[in-house]
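Undergrad: Line by line, the protein sequences are chains A and B.
With the working numbering, letter number 34 in the first sequence gets 34, and the count goes up by one each step, no holes.
Here the working numbering = 1-based position in the second sequence + 112.
One or more of the hints may lead you astray.
[Stated by the list, open to error] Facing chain B, a subset of chain A residues (Cβ under 8 Å, in silico):
#, residue
1, Tyr-31
2, Ala-41
3, Tyr-48
4, Phe-88
5, Ser-92
6, Gly-97
7, Asn-98
8, Lys-99
9, Leu-100
10, Phe-102
11, Gly-103
12, Gly-105
The hints are simulated quantities; they were obtained by calculation from the structure and are not laboratory data.
The beta-carbon is built from N, C-alpha and C at its ideal position, and this holds for glycine as well.
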Amino acid sequence: GEDVEQSLFLSVREGDSSVINCTYTDSSSTYLYWYKQEPGAGLQLLTYIFSNMDMKQDQRLTVLLNKKDKHLSLRIADTQTGDSAIYFCAESIRAAGNKLTFGGGTRVLVKP
Amino acid sequence: GAVVSQHPSRVICKSGTSVKIECRSLDFQATTMFWYRQFPKQSLMLMATSNEGSKATYEQGVEKDKFLINHASLTLSTLTVTSAHPEDSSFYICSARRGISLGNEQFFGPGTRLTVL
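Full structure from sequences and hints, please.
TA: Next comes the structure, spelled out in structure tokens:
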């Protein structure tokens, strides 16, 4: 079955790195995604990684994928106050029509 | 590129009325659009998947006669909440996927907050 889990909350100081973790259960994931949601807004796609990769870097964002442990992480370098938001990981599975299954979201609070 | 809009952004209606929400892909053609519902401080729940020109596929537990979805063109999908009741109050978000994309990404609209009195 499909199950994606994230920790609820992360507090970090401005300028430090943030690491948001996600675990999933379906090993047939095709792609894994990170989305950002600010209050009252839709979801902004931050980055995604193909399931046969183990790392992807995009400016301040680094995604690590451990397929054996079914663990995905998002590292934000030099975290800024504008990074305060809810971050969702999601997986898509080809056999399920590439529908997205979302984690519960991690609320990140950046303190000045 | 890959901008998705929703209209209206906020709507308040009386119980028993119907409400239509539009989802548009502004700068790309969306072969598939998705409708989600999000309760406060919760994750997104997929309601249905719609492909242009065909009937929507609803997730288990979602009433297709209550949540009518029409995907009339490659840039427009509508969700109509029929005979709305207070328990239908929620944040409704659509997303759109391009026909050809390397990562099968879904691009999300800004959401519509529905309040049923």
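Undergrad: If a hint holds in the structure, say so; if it doesn't, say that too.
TA: So, going through the hints one by one against the coordinates:
{"no.": "1", "hint": "Tyr-31", "in the structure": "holds, 6 Å"}
{"no.": "2", "hint": "Ala-41", "in the structure": "holds, 6 Å"}
{"no.": "3", "hint": "Tyr-48", "in the structure": "holds, 5 Å"}
{"no.": "4", "hint": "Phe-88", "in the structure": "holds, 7 Å"}
{"no.": "5", "hint": "Ser-92", "in the structure": "holds, 6 Å"}
{"no.": "6", "hint": "Gly-97", "in the structure": "holds, 7 Å"}
{"no.": "7", "hint": "Asn-98", "in the structure": "holds, 5 Å"}
{"no.": "8", "hint": "Lys-99", "in the structure": "holds, 6 Å"}
{"no.": "9", "hint": "Leu-100", "in the structure": "holds, 6 Å"}
{"no.": "10", "hint": "Phe-102", "in the structure": "holds, 5 Å"}
{"no.": "11", "hint": "Gly-103", "in the structure": "holds, 7 Å"}
{"no.": "12", "hint": "Gly-105", "in the structure": "holds, 6 Å"}
Every hint from the earlier list agrees with this structure, and none is contradicted.
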